[in-house]
Amino acid sequence: MVAKKRITVSDILIYTFLTVFTLTIVLPIYYVVVTSLSTYEEYIKTNGLILFPKRISLEGYTSFLSNPAVLKAYVNTAFITVVGTLINMVLTILMAYPLSRKDLPGKKFLTIFILIPMVLSGGLIPTYFVVKTTGLVNSIWSMIIPSAIWSHNLIIMKSFFTTIDESFIEAGKLDGANEWYILIKIILPLSKAVIATLTLFYGVGHWNEYYAALYYITDSSKYPLQVILRSILAASMNSEASAELAVNSHSMKMASVVLSALPIMVVYPFLQKYFAQGVLLGGIKG
Amino acid sequence: MINATEVPFRKAKHSANLKARINTLKKFSPLYMMLLPGIIYYLIYRYGPILGTVIAFKDFSFVKGIFKSPWANPWYKHFEYFFKSPYFTRILTNTLLISFYKLFWTTVSSLILAILLNEVRNRVFKKAVQTITYLPHFLSWVVVYGIIHALFSESSGVINVAVRQINNRTIPVMTSPEFFRTLLVSSEVWKECGWGAIIYIAAISGIDPSLYEAAYIDGANRWQRIWHITLSGIRRTIITVLIIKLGSILDAGFDQVYVMYNPNVMEVGDIIDTWVYRTGLEQMSYSVATAAGIFKSVISLALILTVNKIADKWGESIW
Amino acid sequence: MTKARIFSKLVAIMTILSILSFIFTGCGSKDTSSERSNSSDTTTTNVSKTDNASAQSTKSNTETKRYKIVVYKNGDGQGRQPVDQDPILKVLNETLNIDLDLNIIESEYESRLNLLAASGTLPDVMQVTQKQFESFSSQGLLLDLTPYVEKMPNFMETYPDYLTNKNLEIDGKHYFLNGVRPEKQQVKSYNSLWIRKDWLDNLGLDIPKTLDDIYKVAVAFTNNDPDRNGKNDTYGFAGMGGQLGGTYDPFQPFYGAYGTAMHGSYLLKDNKVVYSTTEEAFKDALGFIKKLIDSGSVDPDILVTKTFDQIREKAYKNTIGMMYFTWAEFVKPPYDEQLKTMTPDAEWIQIEPPEGPGGKWNGVYSQPGPVSKGYVLSAKLEEEPEKLDKVLEYLDYIVAGPGSNLVCYGIENVHYKVENGKIVALDAMSEVSYSWQHQIMGRNEVEYLATKFLSNESHITFAKDLPYLDRYNNFLKIPDGVNAGDKSAYESEEITKFIYGKRPLSEFDDFVKTLYDTYQLQLYIDSVEANLKEAGLIK
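Protein chains in written order, with my numbering: chain A, 1 to 286; chain B, 287 to 605; chain C, 606 to 1144.
Hints should not be assumed to be uniformly reliable.
[Stated by the list, open to error] Restricting the straight-line Cα-Cα distance to at most 27 Å, the calculated cross-link-like pairs of lysine-lysine (DSS-like) are: (1) A/Lys-173 x B/Lys-305; (2) A/Lys-192 x B/Lys-412; (3) C/Lys-670 x C/Lys-778; (4) A/Lys-173 x A/Lys-102; (5) C/Lys-985 x B/Lys-363; (6) C/Lys-1082 x C/Lys-673; (7) A/Lys-108 x B/Lys-363.
These aren't lab readings, by the way, just hints derived from the structure by calculation.
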């Protein structure tokens, strides 16, 4: 890396611009967090402009976490996210690699094959039928299998694989490696960035799962996090709710946001290192 | 005209071809095996439901199910219902406009963010900005709407209260047709810019750093380096992502619009999906909803194929 | 190389096996296991005060089968009390020897019920929307109750005219389990106008009684700093305008003052069906609303105010002086305390709707017709006569008597006690705040509210005794080929344009004409008329 000691005008511009933009995000997020920690009273009196809560109230959080359904929901979601993402990645990689090989007969046909479901879907009822016929209704697998591959992610990965220089593959073949070896020992190590990216995409997708659970699951012990959080929230805003739930409804609203986003936010920094520049060796086509 | 001698020759060529084909298949068999699980998945869970789009051509009844429901008469009956709605032109226009604005601005903003971040050398700053900017992606539109309301509500929103002190007027950000599309697009950008940048950041990380050094030595300034190296380095990614997004161009964001719209802004905010929701709510017409869905799919597919053909000219086709 | 070949074969086999196993494990955890897990949820006890009481109720008869009854209730926006914390459920199950699966569906009720219909697994007892009702009944999915109601003694006693009342019949059949409770048990509405009495006092104004008064007070509230805080931050009138045409439409008293009702209402005048939106009086009402808005005294957020929370927040922030709202979301515990804490000096009182050229009406009351909020039963029950009997027994049990008390008030001597023939709530009543979700068969509203909400007696009585205009929307069967969604969208949009001055009221007649021409309004009116004739309400 070239070491430039001088700070140029464009440097200042860039830093300023990024700072301003980040602030427009930080401030509302801060608002969400602070509101989740303050009492409703303070929120009303200050019209939401709380710099730091006069009295930190954890009631928004305790209202959620004291509910046993929430803990179960975290477990469900963790399972769905880990297992689901694993399945997603394996299947996506297994499809992306062959499709990235220029010489594969039928490649164009297959690409269109995966493209069509991206734009066309039968809708709720036919999908439900299929899920039901394959016995997944009310199973936790209904939140994993029907969404096993996202064409969007598959195309990204395939596209990335095509940028890997063919000479690597040729070299492998010359050494007598078969396709599996090439995939696992050659291609994957060169694809850390895209694997990290897609793991993130799939992972977050599972973490936020809501509608699939709503339609396919009837046993409330199998509900994932989003469903439970929203339902508790809805309960707190209903006029016949218990007194303590009702008064906490506002800070609960914000607390649910923090609680559902926090865990996955923690994961990202770990994946960030794969995005560092130059992690991939040279020889990759632009 | 075939004469007697050609036939055995053809036969021989045929069997030679056949043998070659089988050999090819054998050679590629591990690759096909890799494809197999995914293909099974697609067939069952994606193409299976696609069979159900036949609902759009039938008068769907629950009891009779998809296959035994009677065919609609005429077969395009539900499509006609959709096209003949007094709101059709409006929802189509709004959907296209809103989607294209969003597509353009989210792509541009994510790109700018990714590129600028690449130019930043302070790693702490870089990491902080990255982490913070993708946070809004995790907020649901209900929460984002709450934030917008807290800021722009004409009676108590922070910004409008300030404006009222100065100008004695308020800006009807949420209820005025003039602002509504801008509101939709800018809140989308705010929410998704950081997240959308991730893929570009990942792609940039694949660019050979020595290219920058070489360019610097050649006397290229920062902006030239950005244009010729960074941007063209991730050109493939940009185009691929763009094409994929075209696949959902006609979605325009139902969750967002539904949370934000009100009668005042309907004429600029009503999209295909909100119309379908409304129609379905009052009348439970799955056939019409499916017909509208097919309409959207056809247009999306056409767009993808067209743009991909153009991209092909630059060597960036997605197949 | 052989290693790699074996390896690749292994991976291939494993992949196929795993796919197959996904499918099979999916099959394994099917409905049967969920059924069992549900009943084990209800029978495993969580030690609570109510255990002793329920132990004394009838023990289950181990010879007869314990049927699982599935009930679906539209719980839009509501939560559900955890099954193991529901004392009412336990007692119901034990007393009747059933396994009640009460599903409060929190969102997407229609879609989810439709999915069940499509896959042939409708619940035993469920709520349906009008369109769902038309669709399901025409396909034979619903049970005709006519031959069975006589097995329900409580029901027949509470609704003696159920079988003879033509209003409740559709093509000679009865599908809905909703009788009309006697008038003295009904509460037509919880809504009313509310006003800041302390603001009136500060400005030396009287309680507004006419439309003119309302206008003057609204303007004064906006411009004359009624809360004396030196800031120009108040508005005269607010409401949940995000729900125009719905229960909480804030302009209802104004329509009422002109003798009409909010848009989309089918009224009966001079033995004819009149559509509120098309009335001359409606145009006049819009004129008044426009005048109010033009004066700047209507909360500019009114169209985006969609939730109870938002209105309450405005009240707590002292930014509004008048609103059209329900006491149940404003002064019922715990909100009454919240109100006191946030605005200790505020004095909110209910006032009567203003008098205008068309009289004085607080809103509408939808006359019960063939389709209401009642429950229907699945036709599949006919195939299991024993189970059907059980279902009827359950439903009949909660109509009146001890069963009704159970689902309304909880367990005797735990949550309530009977004193001199009247029901008195005990402190533990708060444990059963979800009891309303069990009230499938309705309740004696007057007695219920009086018992549970003692502190709100005056509010309840005030709201319920106000005058309400009858409307007949429950007699509408949506005609084929029309788009009702488009029609109501058109109405809301144009009305909004009129009141905000984006479209001159002089074009009102054009608006009405479009309703008839483009949106085929006449077909709707004809449908209501036909049904009213059949019910004998039109001669």
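Hint by hint, here is what the structure shows:
1. A/Lys-173 x B/Lys-305: 23 Å, holds
2. A/Lys-192 x B/Lys-412: 20 Å, holds
3. C/Lys-670 x C/Lys-778: Outside the cut-off at roughly 31 Å; violated.
4. A/Lys-173 x A/Lys-102: Given that 27 Å is the threshold and the Cα spacing comes to 15 Å, the pair holds.
5. C/Lys-985 x B/Lys-363: Given that 27 Å is the threshold and the Cα spacing comes to 32 Å, the pair is violated.
6. C/Lys-1082 x C/Lys-673: Since the Cα atoms of C/Lys-1082 and C/Lys-673 sit roughly 34 Å apart, the hinted pair is violated (cutoff 27 Å).
7. A/Lys-108 x B/Lys-363: Distance of about 35 Å is beyond 27 Å: violated.
Going through the hint list in order, the structure does not satisfy hints 3, 5, 6 and 7.
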